[in-house]
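Asker: For what it's worth, our numbering labels the leading residue of the sequence shown as 25, then goes sequentially.
If you're looking for bench data, these hints aren't it; they were derived computationally from the structure. This structure is a prediction, so every number in the text was calculated from the model and none was measured. Relax, there's no trap hidden among the hints.
Simulated restraints on C-beta separations:
# : residue 1 : residue 2 : range
1 : Q177      : G352      : 36 to 46 Å
2 : R359      : S298      : 46 to 56 Å
3 : R359      : T64       : 36 to 46 Å
4 : T64       : T410      : 21 to 31 Å
Virtual Cβ for every residue (Gly too), placed ideally from N, Cα, C.
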Amino acid sequence: MLITDDFLPVPVPESLSATYLVPMSGLPAVGTKTAVQRLTGRLAEPVFGLARQMLDSPLMSVDTRPIGEFPALPPDLLTAFGATEEQLARLAAATHLVVVQAEYRPGWPPAHEWAARAVAAAVADTVDSDVVDVFGLQFLDPATALRSLPDAQGRIRLVDWVLVPYSSDSEGLWFTTKGLRRFGLLELQTQGVPDHLTRAWGAVMTGAARRLLRDWTDGLTGEDVPAFVQLPVLATVTGHDIAVAYGNPEQHGATAPVLLRLELDPATDPDADSFLSLRPPAGHPGPDGRYFAAACATLFSGIQPDVRYARSGDAMSTAVATARASLGDIRARFRAGQLPPETQLVVKYGLPGDDGPEFVWAGVTSWETPERIEAASASDADTDPTVRIGSPVVVAATDVVDWAVLDGTGVIEGGWTQAVLDAGERPAPPL
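The task is simple: from the sequences and hints, build the whole structure.
Answerer: This is how it looks when you write it as structure tokens:
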């Protein structure tokens with residue numbers, strides 16, 4: 025194996041396994057093969073055929089066990105990863121677990137994960153139960169589990185398979201991925217991320233995961249599983265990578281790429297995980313957090329992805345009024361194709377929340393009528409779990425508080441509320 029300063033050799037495991045659970049009261053009334061067959065027409069053929077083939081092979085096992093024979097699942101971690109009270113209650117009331125396990129070689133497709141999740145979803149669907157993804161410690165209802173599987177073209181949303189949890193320490197935020205090990209790749213981590221980049225950096229991590237996973241699987245295309253795959257030390261991440269990871273490749277404007285340096289961070293404890301750390305390129309001056317902020321500014325075209333305010337000051341009120349007064353003109357220019365080349369029109373609008381509205385940006389894709397704007401979200405929203413970066417949204421023009429025209433360097437026109445925020449004229453907190 026050739027070792028150079030440009031590539032990092034990452035070890036490849038000999039095999040990979042997936043485990044899914046279906047909690048139920050009593051024993052299953054429908055056989056597993058019958059349950060899978062009922063998915064005809066609901067599951068794309070690449071996975072439907074794969075699930076049936078693996079079910080008939082020694083690579084997959086499906087067992088029903090009394091729940092006491094299986095180690096207890098930690099309810100606090102399940103809750104942290106999104107479990108509802110109803111799901112935890114069904115788990116507590118269960119007498120048996122259907123355990124679906126599959127094993128496969130590293131590479132693409134990850135047959136062990138796709139087939140095991142499909143079979144578990146089929147079983148859960150017959151008894152109105154849940155699927156528990158043991159790797160991710162996540163509950164999935166059968167419909168959600170099936171939607172996460174590949175479509176007829178073999179495409180998936182990486183966010184359905186890789187989570188990005190974070191925690192805080194004295195140096196800022198520590199981000200990790202949880203899910204790349206499904207595919208044999210080490211998990212990613214970033215340390216020292218500024219607090220205000222919480223959601224933006226989570227999206228960057230997801231985009232980086234997508235880019236590195238592609239490089240990883242490209243290195244596993246041969247008949248024999250290699251001992252190592254060489255990943256580039258400098259990973260290139262673009263807005264397109266982020267959009268693809270969220271399942272909306274056609275709804276993201278072009279952005280300049282950012283570079284992230286890959287470092288192997290081996291675990292000193294044999295029971296702990298090793299990581300691939302994302303760092304600024306060598307020679308970058310200043311703290312890492314400054315580079316991460318600049319990277320987010322590049323990937324999100326200088327627009328802060330989440331802006332919340334409860335009361336407008338004079339400057340903000342003037343900014344909103346200015347933006348709204350010119351909506352008709354910018355719509356006309358957008359529809360006539362009169363915006364500068366290689367630019368994108370974005371609008372900021374409000375989402376209702378318990379603590380006041382949350383204001384998010386979205387890239388305009390269509391504006392057929394003055395009252396209704398079709399767009400793609402530029403960020404994840406706190407207040408609405410369906411609003412995720414790259415996801416399609418419909419915006420009422422009456423909800424718009426700002427608009428901006430962006431190129432690769434940032435705002436070139438509009439963005440009045442952003443200018444107020446950047447100038448430090450933050451609105452007063454609510455009384």
